[in-house]
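Enquirer: Using the hints, position chain E against chain Y.
Just so you know, the sequences run in chain order Y and E.
Residues 1 to 113, numbered by our numbering, are exactly what the first sequence covers, in order.
Residues 1 to 112, numbered by our numbering, are exactly what the second sequence covers, in order.
Errors might be hidden in some of the hints.
Claimed, not checked - Simulated crosslink set (DSSO-like; lysine-lysine; CA at most 27 Å straight-line):
hint, chain 1, residue 1, chain 2, residue 2
1, Y, Lys-24, E, Lys-42
2, E, Lys-42, Y, Lys-78
3, Y, Lys-68, E, Lys-42
Stated by the list, open to error - A few chain Y residues that don't get close to chain E, going by computed Cβ distances all over 10 Å:
hint, residue
4, Pro-8
5, Thr-13
6, Thr-20
7, Gly-28
8, Asn-52
9, Ser-66
10, Lys-68
11, Ala-72
12, Phe-74
13, Arg-85
14, Ser-87
15, Gly-100
16, Gln-102
17, Gly-107
Just so you know, the hints here were simulated from the structure itself, not pulled from any lab data.
Just so you know, even glycine gets a beta-carbon here, dropped at the ideal spot from N, CA and C.
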Amino acid sequence: DAGVIQSPRHEVTEMGQEVTLRCKPISGHDYLFWYRQTMMRGLELLIYFNNNVPIDDSGMPEDRFSAKMPNASFSTLKIQPSEPRDSAVYFCASSLIAGGEQYFGPGTRLTVT
Amino acid sequence: KQEVTQIPAALSVPEGENLVLNCSFTDSAIYNLQWFRQDPGKGLTSLLLIQSSQREQTSGRLNASLDKSSGRSTLYIAASQPGDSATYLCAVINNQGGKLIFGQGTELSVKP
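Isolated chain Y, as found in the complex (with noise of 0.2 Å):
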């Protein structure tokens, strides 16, 4: 398998715009889960999926933030107007079960200026 797939990498943008980041977990997997990792925070958990229904969105941080999962094999995290401060690696990790060992995509590097 070719693990958790993130796209892009990369991503600058300047404030006020929409950032959509994408990711694909490894297949079979019903978990899927979006981490946010900031110096000053460390890692945090956004908001995670099981089997494609939003189960905890409690770390979504305000209402700027959405996470779709319109199927199994396919989850979208959306900042709609990106902020400075939204700048961060978003990850997308995912696991075959529940409290199973979950595996991280690469991340994408989000800087907003």
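Expert: Just chain E now, with coordinates in the frame of chain Y:
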């Protein structure tokens, strides 16, 4: 609220040394604990996962132990190599299917 702490924040050792990285968590009611490695500018690589009912897991030169009652886990690296240089992250899941709660990591440097 679960909090995960890793000590030390940074560690530098000469090649060949055996070393121990520490992880502590405030709520002992965890489902499992996972150790990761992160290279600069890269994603996370899963090293070991320990279920709450287990005491340790081994993979090659790595051995991770878990003491739920005291809220501690250690990652033991035997015969360290320069290629082991990376940041090591500990994370716990409080309940089945739930999110990983991460420590801030230990940045390891192994000098040749």
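Enquirer: Taking the hints in turn, state whether each one holds.
Expert: These are the hints, each one checked on the structure:
1. Lys-24/Y to Lys-42/E: Holds - the C-alpha atoms of Lys-42/E and Lys-24/Y are around 17 Å apart, at most 27 Å.
2. Lys-42/E to Lys-78/Y: 22 Å, holds
3. Lys-68/Y to Lys-42/E: 25 Å, holds
4. Pro-8: Label holds. Min Cβ-Cβ 14 Å, cutoff 10 Å.
5. Thr-13: 20 Å, holds
6. Thr-20: With a cut-off of 10 Å, Thr-20/Y remains clear of chain E, as the shortest Cβ separation is near 19 Å.
7. Gly-28: The claim holds: Gly-28/Y sits with its nearest Cβ about 16 Å from chain E, beyond 10 Å.
8. Asn-52: Correct as stated: the minimum Cβ-Cβ distance to chain E is 14 Å, above 10 Å.
9. Ser-66: Non-interface label stands for Ser-66/Y: nearest chain E Cβ at 18 Å, farther than 10 Å.
10. Lys-68: Lys-68/Y clear of chain E: closest Cβ-Cβ about 18 Å, beyond 10 Å.
11. Ala-72: Non-interface label on Ala-72/Y holds, nearest chain E Cβ at 16 Å vs cutoff 10 Å.
12. Phe-74: The claim stands: Phe-74/Y keeps its Cβ more than 10 Å from every Cβ of chain E (closest is about 19 Å).
13. Arg-85: For Arg-85/Y, whose nearest Cβ neighbour in chain E is about 20 Å away, the distance exceeds 10 Å, so it holds.
14. Ser-87: 15 Å, holds
15. Gly-100: The claim breaks: Gly-100/Y does not keep its Cβ more than 10 Å from every Cβ of chain E (closest is about 8 Å).
16. Gln-102: 6 Å, violated
17. Gly-107: Given that some Cβ of chain E is not farther than 10 Å from that of Gly-107/Y, nearest at about 5 Å, it is violated.
Of the numbered hints given earlier, the model fails hints 15, 16, 17; all others are met.
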